[in-house]
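A.B. asks: We have chain A already, so just place chain B on it with the hints.
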Amino acid sequence: MSPTPEPLDPSLRSGLLLSRYAECLYWLARYMERIENLARILDVTETFAREGRDDRNWLSVVQINADEQRFFERHSRATARSVVEFYVLDRTNPTSIASALTIAHENARTLRPLISTEMWSQINVFFAWVRQLGTEDVSPSRLSRLCARLKESCQTHTGITEGTFFRDQGWSFYMAGKSLERADAITRLVDIKYHTLLPNVAAVGSPLDESQWNAVLRAAAGYHAFRRLHPRGMAPVAVAGFLLLNNAFPRSLVLCVRQVEWYLGQLRTQHGLRSGGPALECLDGLRAELAQGTIDSIVAAGLHEFLDWVQTQLIHAHRAIAAGFWDGAV
Amino acid sequence: MSGPSLVAGADLFAGYDAAGYFCEMLRPPEQSDPAIELVRQRLARFELAELRRRAGDAERELYNLGITFTVYSDKEAIDRILPFDLIPRILTAAEWDRIERGVVQRVAAINHFLADVYGAQRILADGVVPARLVLGNSNYRPEMQGFAVPGGVYAHVAGIDIVRDETGSFLVLEDNARTPSGVSYVIENRHMMARVLPDLMEGLQVRSVESYGMKLHQALAALAPAGVLDPQVVLLSPGIYNSAYFEHIFLAREMGVPLVEGRDLLVEADGVYMRTTAGLAPVHAIYRRLNDDFLDPTVFHPDSMLGVPGLIGAWRAGQVTIANSVGTGVADDKAIYAYMPRIIRYYLGEEAILPNVETRICAEPDGLAYTLDHLEELVVKPVGESGGYGLIVGPHASKAEIAEFRARLAADPANYISQPMVKLSVSPTLCPGGIGRRHVDLRPFAVTGDSTWVLPGGLTRVALREGSLVVNSSQGGGSKDTWVLE
Chain A
5 MSPTPEPLDP SLRSGLLLSR YAECLYWLAR YMERIENLAR ILDVTETFAR
55 EGRDDRNWLS VVQINADEQR FFERHSRATA RSVVEFYVLD RTNPTSIASA
105 LTIAHENART LRPLISTEMW SQINVFFAWV RQLGTEDVSP SRLSRLCARL
155 KESCQTHTGI TEGTFFRDQG WSFYMAGKSL ERADAITRLV DIKYHTLLPN
205 VAAVGSPLDE SQWNAVLRAA AGYHAFRRLH PRGMAPVAVA GFLLLNNAFP
255 RSLVLCVRQV EWYLGQLRTQ HGLRSGGPAL ECLDGLRAEL AQGTIDSIVA
305 AGLHEFLDWV QTQLIHAHRA IAAGFWDGAV
Chain B
9 MSGPSLVAGA DLFAGYDAAG YFCEMLRPPE QSDPAIELVR QRLARFELAE
59 LRRRAGDAER ELYNLGITFT VYSDKEAIDR ILPFDLIPRI LTAAEWDRIE
109 RGVVQRVAAI NHFLADVYGA QRILADGVVP ARLVLGNSNY RPEMQGFAVP
159 GGVYAHVAGI DIVRDETGSF LVLEDNARTP SGVSYVIENR HMMARVLPDL
209 MEGLQVRSVE SYGMKLHQAL AALAPAGVLD PQVVLLSPGI YNSAYFEHIF
259 LAREMGVPLV EGRDLLVEAD GVYMRTTAGL APVHAIYRRL NDDFLDPTVF
309 HPDSMLGVPG LIGAWRAGQV TIANSVGTGV ADDKAIYAYM PRIIRYYLGE
359 EAILPNVETR ICAEPDGLAY TLDHLEELVV KPVGESGGYG LIVGPHASKA
409 EIAEFRARLA ADPANYISQP MVKLSVSPTL CPGGIGRRHV DLRPFAVTGD
459 STWVLPGGLT RVALREGSLV VNSSQGGGSK DTWVLE
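Protein sequence lines correspond, in order, to chains A and B.
Residues are numbered in my numbering as their position in the first sequence, beginning at 1, plus a constant of 4.
Residues are numbered in my numbering as their position in the second sequence, beginning at 1, plus a constant of 8.
Next comes chain A alone, as it looks inside the complex (with noise of 0.2 Å):
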């Protein structure tokens, strides 16, 4: 920790980004990300829910984000309503999109300085927007189109961002951000539809098991995607395997580890920050066993648990991160 300073390389100066910039950078993308992905989900269950096939699917909300405890503190039964309101509206929630929205505007404000007016005021307004939202605007019937604008305020500040934003470092802290993000929203929606929603051997490959991962896919909008690759069936283990595994679907995990990999090392051999070793061994590694499993050997091997693996990977990997650029940081 005793710093020693040593004279810094000149023409680096234009590139110095202030370790707390890359922080907020960081969670500024992760938090935008896991807005959208929560409003897809919820999206999906509704519809889901709608045409009257299963309302227990609100339970599996509240488990893909490991919620039990707080949301049951809350609410005596998982409803549509309750859900809803606990994950849009409730701010004493911490995992709720106007939660993450106030963090997320938070960081944009501290970050004013360093991005583009055009991303500032689009997050100014989106979350003055959800912040007088009441209990009304997320009732079933409007739910949908709220998800809508909620997914659409999130995707408009991707392409802004895409658009406008300086490609020094500070785009590879965001953009590492963001899938890793992205990264750990499917394992965790893989995990729990493979796992928590069916126990029951014997409903795998039922109708109910089929519209089940037909939601799956479009939550992650893979469906078309997917449909193109297995014209025929929806089995589970290809739609685990498309998910996790697709070298060319946006959101699948491979992809994900693949691009924070590729971020982190733009970090250093384009800005010269070596402090990412530690993060990139760790993805090294977790990106070598996706490129030599099959899923059928996963699944074999037991998916939750190398879910489990994953996820655990993922968490090494931020800290090692956190620790390289900003929280071990003299």
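Careful: at least some of the hints might be erroneous.
[Unchecked claim] Reference excerpt, derived from the structure (chain A facing chain B, CB under 8 Å, subset only):
| # | residue |
| --- | --- |
| 1 | Glu110 |
| 2 | Pro117 |
| 3 | Ser120 |
| 4 | Gln173 |
Since the hints were made in silico from the structure, they are not lab data.
Keep in mind it's a predicted model, so treat the numbers as computed, not measured.
Using N, Cα and C, we set each Cβ at its ideal position, and we do this for glycine too.
C.D. replies: For chain B alone, coordinates are given in the frame of chain A:
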């Protein structure tokens, strides 16, 4: 008054009455200007509803952009916009020339005064300014005694509050030499004008306000420690909860420098460094928007978390430049203000180009007696305060308020100065009932490095409540775009 191209029956100024005040737009013939009259005619042709629609656009945009300041009530923090009035305040080239020269002169005197007060104290020895007023002032910083700051510049950024009386003469009301704020609105108001009412300026030569960030960066770089070829400048802010955070962002962006908080900086062996993803990077000049007391917990408030331990030591060791310097508050205090014409004469051998408003010092027996006798006619202000808090405007106060204030004044006379109520000039302003007169002031901003540069125009603040003379943003004030004609 109507020009040749005015559409009959559509004059928005038909009901306008300046009521004996100097009007910035509808001027007496000897002070009139064709460009200002042209703008008035252009405005007069607007439908009121159209003007309101554009004002609405501007207000929405300010909220969307988060161009806000934070007002702290009992327990709540509320983000407010500074209301923008879209009718500009226009200064002629000759008026601006006088203001500019007056501001440069005033800033020079302030810097001389501070260098002297924290140096040889000649002005105190010569009895021009009473020593107790300076050395006993709560803004005097004994820690600064004997430290010659780089270039002799203390007030790198100064804002001079200027008003106009009923004859149109400019008078200085107040000096701001600590961390004057508001310059971001000057530039944002111009941008806003270009977006919502571009038709008004068409074909007119108005001086640009775009170069402020560059000039400020130049001034800071010019005073950076010797031998540093490409100095690293940063803006030090208390953080996102500060009421002026928007302005800090604005200035950091305009200068193209990092906005840092105290926790981003660190002092090692008298060098100042910022924590970056590539490790520690040296910092050479700091534009700080943090009050003196919070800068360095090893020198001032030991429990302040906002500052940087060791920063003052690094400054004294010549490793970093801090702007504004510590201890400038002793020069812009309302008690010292009364002596400014004499201070100008003492150091520069010149008469003040911009005179003061006649001021009485209640710490002096004559001043107190006069003030107590004329409370109903005077504006009485506490010294060492800012933001328009704790002052009384005699002619607008109730008998009860005056009685209550009389007791406060008698209990602590040294805390007050008094001035006659200046009949502040008015400017046509979009009001609930149409275009009405509202009182305005002007805060030009001066940046001093190697020399002093004044941003053309400055912040015109407008008291939006009818008849009010208090223009402060915390007290119902708004702002206008300020044009300086070429």
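A.B. asks: Out of the numbered hints, which ones does the structure contradict?
C.D. replies: 3
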